[in-house]
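Each chain is listed here by its residues.
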Amino acid sequence: MISDGIEDEEKWLTAGIAGLQQNAFYMHRALDSNNIKDALKYSAQMLSELRTSRLSPHKYYELYMRAFDELRKLEIFFKEESRRSCSIIELYELVQHAGNILPRLYLLCTVGSVYIKSKEAPAKDILKDLVEMCRGIQHPLRGLFLRSYLSQVSRDKLPDIGSEYEGDENTVMDAVEFVLQNFTEMNKLWVRMQHQHAIGYSGLQGPAREKEKREKERNELRDLVGKNLHVLSQIEGIDLELYKDIVLPRILEQVVNCKDDLAQYYLMDCLIQVFPDEYHLQTLETLLGACPQLQPSVDIKTVLSGLMERLSNYAASSVEVLPEFVQVEAFAKLNNAIGQVIEAQPDMPVFGAVTLYSSLLTFTLHVHPDRLDYVDQILGACVNKISGKGKLEGKTTKQIVALLSAPLEKYSDIDIALKLSNYPLVMEYLDDSTNKVMSNVIIQSIMKNKTHISTADKVGALFELIKGLIKDLDSDGNDEMDEDDFKEEQNFVARLIQMLYNNDPEEMLKIICTVKKHIMTGGPKRLPFTIPPLIYNALKLVRRVQSQDENASEEATTSATPKKIFQILNQTIEVLSTVPVPDLALRLYLECAEAANDCDLEPVAYEFFTQAYILYEEEISDSKAQVTALYLIIGTLQRMHTFGVENRDTLTHKATGYSAKLLKKPDQCRAVYACSHLFWVEDQDGIKDGERVLLCLKRALRIANAAQQMANVTKGSSGSVILFIEILNKYLYFFEKGNTQITVASIQGLIELVTTEMQSDTATSDPAADAFFSSTMRYIQSQKAKGGATAEKFEPIKV
Amino acid sequence: MVLVLAIGDLHIPHRAADLPAKFKSMLVPGKIQHIICTGNLCIKEVHDYLKSLCPSLHITRGEYDEDSRYPETKTITIGQFKLGLCHGHQVVPWGDLDSLAMLQRQLDVDILVSGHTHQFKAYKHEAGVVINPGSATGAYSSITYDVNPSFVLMDIDGLRVVVYVYELIDGEVKVDKIDFKKTSTATL
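So the sequences go chain by chain: A and B.
So in the UniProt record's numbering, spot 271 of the first sequence is number 271, and the numbers just go up one at a time.
So in the UniProt record's numbering, spot 69 of the second sequence is number 69, and the numbers just go up one at a time.
Looking at chain B on its own, in the form it has when it is part of the complex (with noise of 0.2 Å):
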């Protein structure tokens, strides 16, 4: 089983001063295999941070990061699943389904990660799976109202995904999960 986190939208120190310590206290190092961000992170403290956690950390970039030198989209395979990366702002109308389905059309991925709406979501959506994992410092976001703080992690297990969603609301972790699973090795 392969642990892969995926995170993003921090936006530290414009929009949110810290990760929330409940999160920080659960994300140690050692037990993450990857790590995809979807960008805006958007210092280099935070790209270090994150890297101390594990050092395959891949990141496509957002709009307000600090280092421009992350790829626009990215994609990785990890076991049987190929996953896409991207931020998100360039995909519109930003949080569209449809729209975000004919990304991961492009990239032929089975799970297309992306983010920018700070709403976390997670779709079995025509021919994948479409994650969003939120912002995990509840940055404001000018698309959602009432951002919670929150991160997906994925156990990516030969034909089987289980995405677990923590959230903090109102002070405590809560953690949701959902199961994916890939028919053949061909598609979703």
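Excised from the complex, chain A in its bound form (with noise of 0.2 Å):
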């Protein structure tokens, strides 16, 4: 039962405590009396507690703990000569006569830690006796433990430069001779408790479980094997050279030498984090070496990712490193040995690979950000490896998305990412919703960094990258994407639009036709989001050429003219018909009705409010929507000063026409009374015709006259005044601007008539319309008191 194997562990270590204390006890006694014979007799008693084969390593420590604590008590003892009675020599020879031999290691370990102390011999000899003695325990767990504390009691004493110990018999050789040894006797000792049972095992648990807590037991130890590498590190007299030629080999010979996952791994992450950077920058290549060849099971990537990505801090820290980067070849050792790895393992999912490679890339941005090669050649080695590979699963997209958005934030410039010619292989591998994302990506990039794309060809690159978002990647029909999440998308594909521009008139209007190009292939769901910014890109581009074209004196040999690019626009405009927007259609028309007037052209000014009268005759059927476009047309159509007399007639008429023929009554009367503007244009050179602008008043007012009978009629009191209110407002406007059709008379009956209707008894009350009553009033007052010619054209008119 398992759980009578964790109580029973409770119970030998309690068990194991109590014997060390007893022990202990006692040995403290003697030595009190400095009877060293009995507190020899003590201590190896006490240390027989560690002989026990029933704790786990975890418990195991515990007891070890405590011992580790009597021994340096027994140790200071040791030191004075004075309390021993004995030479260090003699000491050394006595405590080997320990029935035990765990017991007597550790005191000759303790023993020889004086021994060395003294100095009565050489360092490197104590040492190298201690380090092969050790060898008598091959048990793992006890032999790591007396390893370990052979290390801990030696670490300050070993024959390092500078140090105490340090002699002409005494070298720093000699210090990393014996690390080293420890080292290599502490692996094989870990390893080989992967072919023993765990120490908990009971037999009646299954293999699986029993491996588990195999590798559990031995994760607890690791830091015990690792900690000799730390020593290592520690060592000052290891220069680069010496890590090169001897220390790094060896440490890389026991590790692939051992075979074991468990081990290679963790030493392989413990080698890189304790020696510095710039020792592995310089052995690279024989660092790398070692990867190939350890075992298929070991997870190098997140070994290498994290060498690379201590390299790349490296080489963030300081600029002056960076030419070391260079001179040792670091990019093609890595991408050499990352090559290496994926071929010695050739069961390495695609994700293994791809995290490898997007590794490399950060490194390379960090190191060799000029070297777009570079980064190329890593996209070009990513397409190789996903290709053929069908399907890639989430993971491995997120990390290839990951991949791909790295260039896009190192460098600002979007140019930079289209360079790249292994760029968009890659993102022919992404499935239709990561293409999207990936998209997504790249223009928020853009639109972050405000880069304005500024030719043809970058624009045409681009918008082969984003496919996903231009058009319908799938042929059988694409998963239903929600409302909302499609308009935003496609927003953010207009505003991209915004953002490519080119100075240069001609290129400016390549851009446009590449443009347009791309998005026609959208379909109908798309195009009412990318024309219209289409269009003003384009009516933009008019106004710069309009301005140029009239100060060019030669015929002009471009074919960025305002003529060229409204054919451009009335095709693109035409397409929209295709959808069918007839409101936004009837919109771009009128505005670049109005480019075209600004241009001087006529006839294309013409075609443009042809086009627009067609689509409000015959798509816009909704009368609210009527009475809008309507009002663009009388406003756009105002502001028409190319027309000549017999155009702008046709125009006007029409425009009259269908203000007289909206469905409510009011909106007619509205649109009547605003097509009088038509007729009267503050230019100087402005149509300034009195009798019509007169004609449509009336006519305004005919129309109000019969919305009242109709009112009368059908709710049985006369409606609200407000027409007329308005209409007067227009009688006064144009009295004001001197339209002398206008007399004082019609106005002075249209206020009559409106106070007799609002005193009328069938008037239904309207507050809006008495203070707008009011305040035309107020304001014929206001006229009055202004002085001069106008009040003495306001004066006759009574209030």
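One or more hints might be untrue.
As the list claims (entries may be wrong) - Capping the alpha-carbon separation at 27 Å, the derived lysine-lysine pairs in DSSO-like fashion look like this: (1) A:665 <-> B:74; (2) B:51 <-> A:450; (3) A:540 <-> B:121; (4) B:44 <-> A:471; (5) B:182 <-> A:784; (6) A:458 <-> A:419; (7) A:715 <-> A:624.
To be clear, the hints were calculated from the coordinates, so they are not data collected in a lab.
Note that this is a predicted model, so its numbers are computed, not measured.
Once you've looked at the hints, go ahead and assemble the two chains, each given alone in its own frame, into the complex.
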């Protein structure tokens, strides 16, 4: 039973500690009376508790720590010559009489420590002796702790450079040798654990559970082994040469030869962590050379990623180290190593390979940001790896997105990413939804950095990349996208179109044509979003070349002329009929008409108006939409100065006709009096046909009357007088502007009409109308108060 | 004192990608009590952005607005002032002050805020004040050449309103101010 096992362990531990403490007590008593023989006897008994096989590593450690504490006190005793009453050499001899080997060795190490300190013998000899004697314990757990003890007591006594133990006989090499040997032996012991049963093994657990327990136990002990590497890293005497020639090869030899994946993974990682980055850089080839030799099950990609990350940070820490990277050809070596690892592990999933390349890319962006060829190379390798693999799983695509996003973040100019020949190839392998995600990332990068994409070629390349947003990629119908999400996505594309710009009109025109070509593949769903921004880009271009046109003296060899652009505009807006979105198309035609007007291109402007009118007549049937459309038509037409009399008349006549045919009488009335402005333009050359203005106003009046009568009939009371007040205001407008057809009498008549209506019994009260009338009367008063010609004009009007 | 932001004609994303960065950094939530928007945002994202600056948001419909439920005109009373809001494409001739004055009389307001021409204007005209905040993004307009991004901030304090106009000219934000006072609570 597992629970029994744990309970048992607790029992053993408690018993062990009790035994240890009891013997320690007697040991101390013996020490107090300087009885060295008894002290050794009891200390050996105390240390015998460490001979147990019943404790798991975690519990054994607890026991070990108590023994360690006691041994410290013993060591202090040993140090004082007067108390021990024998020489250190004698003591060294004496402790070897202990019955069992484990206590014997612990005591030996303790004495050995004092021995070295006494300098009665060269440190190297003692160290060598100890490290070899420890071979006597081949039991993994006990051996590991024993050697760990040796390592701990010898730490400050290594013959390092500048240490007191250095001398002619003792050199750094000896220190290195000692630590390396201890390390090697410890690793062997540690690996051996893999082939034994776990300590808590009861035979009743299945093999999987057993393996799990074993690995857990091994992991608990790994720092004991790793400590040796740490010690090595602290030895000052190890310079780059020594590291390169002796230390690293020896460590790697052990790592590779032990053929244990747990040890390999941990030790490689440990090695990379404890030694300085400059060393790694200079020994890159050796270090990387070990990687393909490791067990296939080792997660080497994490190790390599860790290494690359460290090196990236090293590069980022100071600019001076960058030349080193170039000198050791870091990139080439890493690239090769990754290639070899991937080859050596044919079962490595695609995810693993992509992660490796991703780390390499991050490294490259940090260390060699100017080497686009490196970046491209990495992308190319990725393409090779992912091609032919069919559908990629989620985490792989995530990794690829990270891979592709990295250059965008590093280089705020999208131009650079567009230069990478393999970039679009990688994107080819993304499935549709990931392509969209990536496209969004690209657009966001452009928007954030406010880069203006400036040539048609780049624009083309960009639109190729983001084609997931531009058109339907799936031929057999894509999955239903949430409408709001789709809108957001397309609006994003629209904003992107705003970022495409070049000062040179020729190039700008090319850009517009390129965009047009791409967005035309978008289908009716996308066109209403993508066409308008393109239209406005083109209209802005028209304005630019318009002023140039005026200055151009010779016959233009350029193709970026207003006429040409208007042709393109016309074609483009026409495509909207396939959606169809007549309201939008009408607005765009009118915008173009106004632009053509500014260029004095009468036929072009007329054509646009014609198209707009056709849409109004045939496609726009909703009454509210008609009203808005009509105001736009009237407003635009009012501003046209390029039309000759005939054209203008035709268009105006139509507009007034539409106005009178609106569904609701009030709308009719308002539209008709708005048309009055078509005959009166304040510009110096503008038309000022007072008669026709009046005709319009009178017509509006008739309609208002009809509306009143209708209200009488249908509701039994007269409707609001507001229309009359509006018309009155229009009369006043033209009166003020000097239209002689508007007489004081007509104004007076209207005022009386309104007053009568408002006071009549059947009048419906309308506070808005009342307020309007009041403010109108106030207006007349204020005009009268102005003095001069205005006052004179308004004087006759009685309020 | 009540701060009212008058803004409009952004035309995102048809004619502009985004508000200028310098404007964005100035418009922070919590400082403004009301936003009046002339219209032509055009998309929901812009609506949400304005709403995040201030929950009291009044919008009238521009001809390109995605949301057709915005009203054609709106009147709001803030302090001693009655404000009228309208996009302006309905008032022909576009930008004509006298026609706008008529609308002002019709709505019976002290201050009329309208847009459409993308050209900043702040006038004391006849019986009231007519304000056009221009286009916050400097969007293309068939009516006005060389549009500079602009918006207006009104500080209403008792019978006085100070109109601050913020204009982005050659990359720098320039501020100008105009004072208007009501003589009585009746008229301006």
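Taking the hints in turn, this is what the structure says about them:
A hinted pair counts as satisfied when its Cα atoms are at most 27 Å apart, and residue 665 of chain A with residue 74 of chain B qualifies at roughly 23 Å. The hinted pair formed by residue 51 of chain B and residue 450 of chain A meets the criterion: a straight-line CA distance of about 25 Å does not exceed 27 Å. Using a Cα cut-off of 27 Å, the hinted pair residue 540 of chain A and residue 121 of chain B holds, with the two alpha carbons roughly 23 Å apart. For the given pair, residue 44 of chain B sits about 23 Å from residue 471 of chain A by alpha-carbon distance, which is consistent with the 27 Å threshold.
Restraint check for residue 182 of chain B and residue 784 of chain A: satisfied, since their Cα atoms lie roughly 21 Å apart, inside the 27 Å limit. A threshold of 27 Å between alpha carbons decides the hint, and for residue 458 of chain A with residue 419 of chain A the separation of about 9 Å falls inside it, so the pair holds. A threshold of 27 Å between alpha carbons decides the hint, and for residue 715 of chain A with residue 624 of chain A the separation of about 23 Å falls inside it, so the pair holds.
The earlier numbered hints are all upheld by this structure, with none contradicted.
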